Amino acid sequence: AQSVTQLDSQVPVFEEAPVELRCNYSSSVSVYLFWYVQYPNQGLQLLLKYLSGSTLVKGINGFEAEFNKSQTSFHLRKPSVHISDTAEYFCAVSETGANNLFFGTGTRLTVIP
Amino acid sequence: NAGVMQNPRHLVRRRGQEARLRCSPMKGHSHVYWYRQLPEEGLKFMVYLQKENIIDESGMPKERFSAEFPKEGPSILRIQQVVRGDSAAYFCASSPRQGTSEETQYFGPGTRLLVL
Chain G
1 AQSVTQLDSQ
11 VPVFEEAPVE
21 LRCNYSSSVS
31 VYLFWYVQYP
41 NQGLQLLLKY
51 LSGSTLVKGI
61 NGFEAEFNKS
71 QTSFHLRKPS
81 VHISDTAEYF
91 CAVSETGANN
101 LFFGTGTRLT
111 VIP
Chain W
114 NAGVMQNPRH
124 LVRRRGQEAR
134 LRCSPMKGHS
144 HVYWYRQLPE
154 EGLKFMVYLQ
164 KENIIDESGM
174 PKERFSAEFP
184 KEGPSILRIQ
194 QVVRGDSAAY
204 FCASSPRQGT
214 SEETQYFGPG
224 TRLLVL
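Protein sequences, first through last, are from chains G and W. The first sequence begins at 1 in the numbering used here and counts up by one. The second sequence begins at 114 in the numbering used here and counts up by one.
These are calculated hints, taken from the structure and not from any lab test. Please note that a few of the clues may not be correct.
[What the hints assert, rightly or not] Residues of chain W clear of chain G, computed beta-carbon distances all greater than 10 Å: (1) ALA115; (2) VAL117; (3) GLN119; (4) GLU131; (5) LYS157; (6) ILE168; (7) SER171; (8) ILE189; (9) ARG197; (10) ASP199; (11) ALA206; (12) THR217.
[As the list claims (entries may be wrong)] Here are the computed lysine-lysine pairs in the DSSO-like style, where the Cα-Cα straight-line distance is at most 30 Å: (13) G/LYS49 <-> W/LYS157; (14) W/LYS157 <-> G/LYS69; (15) W/LYS175 <-> G/LYS58.
Bear in mind that the values here come from a model prediction, so they are computed numbers and not experimental data. Ideal placement from N, C-alpha and C gives every residue a C-beta, glycine not left out.
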């Protein structure tokens, strides 16, 4: 069985400061990893995904994430946040070849002016 | 290219009524997924459909819930005899090709169901 843990339910950060949103997963098989962002009253939008290859994945809006197999983590980072980054961020995992995603409970990022 | 569309965006039902949630996938997408998000929880997979076929319904409750994706028209998630515990946000996603997670799933804005 798979599970995803996002330990931080809320993360406040000042504008232009760096941010890291943590994600840990558990799975007994190979996985794909995803980060989605949800702006208020909108659907989830894919930020980035790891399928294979380089463990450092770059996504949209200046975000990146690093897959760490030994620590079963896929933390999301951005060196300098903007007000517009205020949103809910979801980490998700899927078994390779499976057709559904397992989501964490989300982290609400609030960027403070 | 319009994104995934869901309607209604908000739905209020009394206990015992039926709820019908509609999802129109992105143009050219023939794979649809439904997820449910209960308060303070992450999204949980319910069902995966291709046109006229249910491929994986392992996340669907055994009773009262059903889904379809007809040859023409939107995908429908139907909840019969709703109870308060059905109150949640229901998200639909679509993908263009094979239904494995290599393919990006594009999500709609969700339907917020409130059962009184």
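Checked hints:
1. ALA115: It holds; W/ALA115 is separated from chain G by about 12 Å at its closest Cβ, greater than 10 Å.
2. VAL117: With a cut-off of 10 Å, W/VAL117 comes too close to chain G, as the shortest Cβ separation is near 6 Å.
3. GLN119: 8 Å, violated
4. GLU131: About 24 Å separates W/GLU131 from the closest Cβ of chain G, which puts it past 10 Å; holds.
5. LYS157: Violated: least Cβ distance 7 Å, not greater than 10 Å.
6. ILE168: 7 Å, violated
7. SER171: Violated, because the least Cβ-Cβ distance between W/SER171 and chain G comes to about 8 Å, which does not exceed 10 Å.
8. ILE189: Answer for W/ILE189: holds, closest chain G Cβ roughly 18 Å.
9. ARG197: Non-interface label on W/ARG197 holds, nearest chain G Cβ at 21 Å vs cutoff 10 Å.
10. ASP199: Holds, because the least Cβ-Cβ distance between W/ASP199 and chain G comes to about 19 Å, which exceeds 10 Å.
11. ALA206: Non-interface label fails for W/ALA206: nearest chain G Cβ at 8 Å, not farther than 10 Å.
12. THR217: 5 Å, violated
13. G/LYS49 <-> W/LYS157: 19 Å, holds
14. W/LYS157 <-> G/LYS69: 24 Å, holds
15. W/LYS175 <-> G/LYS58: Measuring from Cα to Cα gives roughly 40 Å; hence the hint is violated.
Of the numbered hints given earlier, the model fails hints 2, 3, 5, 6, 7, 11, 12, 15; all others are met.
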